[in-house]
Amino acid sequence: MRIVCPFCGERELGEFTYLGDAKPARPAAGASEDDVFDYVYLRDNIAGAMSEHWYHAGGCRAWLKVTRNTLTHEISSVEPAAGVGAAKVGA
Amino acid sequence: MKYSIFSLARAAFSGHKTWQRTWRDASPKDHYDVVIIGGGGHGLATAWFLAGEYGIRNVAVLEKGWIGSGNAGRNTTIIRSNYGLPGNTGFYELSMKLWERMEQDLNYNTMVSQRGVINLYHSDAQRDAYARRGNTMRINGIDAALLDLSAVKKMMPFLNFDNARFPVQGGLLQRRGGTARHDAVVWGYAHAASALGVDIIQNCEVSGFVRDANGKVTGVETSRGKISAGKVGMAVAGSSSRVAAMAGLRLPIESHVLQAFVSEAIKPLIPNVMTFGAGHFYVSQSDKGGLVFGGDIDGYNSYAQRGNMSVMEDVCEGGMALMPMIGRVRLLRQWGGIMDMSMDGSPIIDKTPVDGLYLNAGWCYGGFKATPGSGLVFAHLLARDELHKEAARFRLDRFRRGAVIDEKGVGAQPNLH
Ligand SMILES: Cc1cc2nc3c(=O)[nH]c(=O)nc-3n(C[C@H](O)[C@H](O)[C@H](O)COP(=O)(O)OP(=O)(O)OC[C@H]3O[C@@H](n4cnc5c(N)ncnc54)[C@H](O)[C@@H]3O)c2cc1C
Ligand SMILES: [Zn+2]
Numbered sequence: 001m002r003i004v005c006p007f008c009g010e011r012e013l014g015e016f017t018y019l020g021d022a023k024p025a026r027p028a029a030g031a032s033e034d035d036v037f038d039y040v041y042l043r044d045n046i047a048g049a050m051s052e053h054w055y056h057a058g059g060c061r062a063w064l065k066v067t068r069n070t071l072t073h074e075i076s077s078v079e080p081a082a083g084v085g086a087a088k089v090g091a
Numbered sequence: 001m002k003y004s005i006f007s008l009a010r011a012a013f014s015g016h017k018t019w020q021r022t023w024r025d026a027s028p029k030d031h032y033d034v035v036i037i038g039g040g041g042h043g044l045a046t047a048w049f050l051a052g053e054y055g056i057r058n059v060a061v062l063e064k065g066w067i068g069s070g071n072a073g074r075n076t077t078i079i080r081s082n083y084g085l086p087g088n089t090g091f092y093e094l095s096m097k098l099w100e101r102m103e104q105d106l107n108y109n110t111m112v113s114q115r116g117v118i119n120l121y122h123s124d125a126q127r128d129a130y131a132r133r134g135n136t137m138r139i140n141g142i143d144a145a146l147l148d149l150s151a152v153k154k155m156m157p158f159l160n161f162d163n164a165r166f167p168v169q170g171g172l173l174q175r176r177g178g179t180a181r182h183d184a185v186v187w188g189y190a191h192a193a194s195a196l197g198v199d200i201i202q203n204c205e206v207s208g209f210v211r212d213a214n215g216k217v218t219g220v221e222t223s224r225g226k227i228s229a230g231k232v233g234m235a236v237a238g239s240s241s242r243v244a245a246m247a248g249l250r251l252p253i254e255s256h257v258l259q260a261f262v263s264e265a266i267k268p269l270i271p272n273v274m275t276f277g278a279g280h281f282y283v284s285q286s287d288k289g290g291l292v293f294g295g296d297i298d299g300y301n302s303y304a305q306r307g308n309m310s311v312m313e314d315v316c317e318g319g320m321a322l323m324p325m326i327g328r329v330r331l332l333r334q335w336g337g338i339m340d341m342s343m344d345g346s347p348i349i350d351k352t353p354v355d356g357l358y359l360n361a362g363w364c365y366g367g368f369k370a371t372p373g374s375g376l377v378f379a380h381l382l383a384r385d386e387l388h389k390e391a392a393r394f395r396l397d398r399f400r401r402g403a404v405i406d407e408k409g410v411g412a413q414p415n416l417h
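Taken in sequence, the protein lines are chains A and B. The first sequence: position 80 = 80 (full-length UniProt numbering), numbered continuously. The second sequence: position 327 = 327 (full-length UniProt numbering), numbered continuously.
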């Protein structure tokens, strides 16, 4: 698997680290316990195309939003995770 | 068919042409008291315990491919009970004790080999952590010995003891740990369960659940037709989320790929199972002579039973750091399996919120050693509708209650467990 970073070009997988499904969104402060539980613990665990967050640690250090098929590892799109990646890690 | 020294001798005299199939390849009936989805080690063990221990014999195991085609036939065969947290410690020791009598129980040679499992340590902090783990084990009646450098040198003189960055300082040894032949475990449970009347049905993929007006699960839809069931137990490992989704459930699980590697055969070298504590590399040697080794999961969600080169490289680097001479050995085979990574790294064995549906999942990369224990406690749950005392903490609602069992202490990030 290689990821075509929008900033650095095609790079080997070992340069990237993985956060996971890009869909779960951090609940607003004061959200219910159910919403927080859902966000922290439950996953769709999709078999098929999934949008996910990857970090280009060995390159530009940008958070990326990669759409990848979990059944085949085929990548259909890579875009910068503007704001989203940062928000995900609490920055 | 009963195996013994006499049956072996008899078959030998007839040129081994008289052996019969060791288990019955059944066709589905209309109804079973219990239907188990998944013909891996856990599903088959559950069926055997249900029939043998709990007297429920009208049982079917439904497998979408052939039995053992999932992780049961893909793992690196390590068995051990060196866990540190309440919940895990007792459960894995229960399982270990069942390994020690498995061959007699099943009348099948599963090649259980208690050659010892040693975790090497490379720093003072790691030694302290292993001492603590060893003490936890001993308090719970499990064997553990903390070895110093000279003891490790005597046991494994071939290691690289000149590694300045990650010096080998000693190791935590569980002598009763070791390996077992994974395929034989599958066939052994199939053999013993089938003899008690359990139907093992292959090429039978579950595609949906049959529910009554109250939502209770009363059967399954399969590629070989509808099958009605008193209770349905899921033991589908890496496919847990997909099967649970058919009942409208979302699980605290991600599916990830773990790779295994086997080298060409060499003369006997590695006397035990050992792990490199400074990276992630573990190795044992098969009876055929191949080095069987592995490391971390690849780290991204996957249902493709294959991994990538960067992890292969990382694993091999770990091996080279420990035993530089294996650089001369050629890699023969490599494959992947799909792990049901739970959010705290520990398993889930519980009823689900859906009436009639029971869950056995979340084994991560360590469920082979759990096979007999998992079969016993899951059968207990299915038969009695109550949790077995050694599995009482593996509840599905523990995440919501904050009662997680997180051996690694990394939180809800499955690719780090
Ligand atoms: C490379 C690798 C190395 C490992 N090393 C070790 C180790 O050294 N020690 C250890 O303790 N553990 C190890 N494990 C983990 C261990 O193999 C698993 O945790 C364990 O095998 C899971 O239980 P199982 O045997 O029941 O799973 P599986 O054998 O995966 O059984 C699940 C079965 O369900 C079937 N199934 C799925 N969906 C359906 C459906 N819809 N209908 C019907 N059937 C279905 C599958 O085909 C499969 O056969 C390793 C795993 C891998 C991949
Ligand atoms: Zn980049």
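For the record, the hints were derived by calculation from the structure and aren't laboratory data. A couple of the hints might just be wrong.
Unchecked claim - Just the calculated beta-carbon pair ranges, DEER-fashion: (1) A:T72 <-> B:M155: 41 to 47 Å; (2) A:S32 <-> B:K154: 58 to 64 Å; (3) A:A57 <-> B:R306: 19 to 25 Å; (4) A:D44 <-> B:T18: 26 to 32 Å; (5) A:G48 <-> B:M155: 25 to 31 Å; (6) B:L8 <-> A:G14: 45 to 51 Å; (7) B:K408 <-> A:T67: 27 to 33 Å; (8) A:D21 <-> B:G141: 56 to 62 Å; (9) A:T72 <-> B:S150: 23 to 29 Å.
No residue lacks a Cβ here, since even glycine has one placed at the ideal position from N, Cα and C.
Against the structure, the hints:
no. : hint                         : verdict
1   : A:T72 <-> B:M155: 41 to 47 Å : 44 Å, holds
2   : A:S32 <-> B:K154: 58 to 64 Å : 59 Å, holds
3   : A:A57 <-> B:R306: 19 to 25 Å : 23 Å, holds
4   : A:D44 <-> B:T18: 26 to 32 Å  : 52 Å, violated
5   : A:G48 <-> B:M155: 25 to 31 Å : 48 Å, violated
6   : B:L8 <-> A:G14: 45 to 51 Å   : 50 Å, holds
7   : B:K408 <-> A:T67: 27 to 33 Å : 30 Å, holds
8   : A:D21 <-> B:G141: 56 to 62 Å : 41 Å, violated
9   : A:T72 <-> B:S150: 23 to 29 Å : 51 Å, violated
Checked against the numbered hints above, the structure violates hints 4, 5, 8, 9; every other hint is satisfied.
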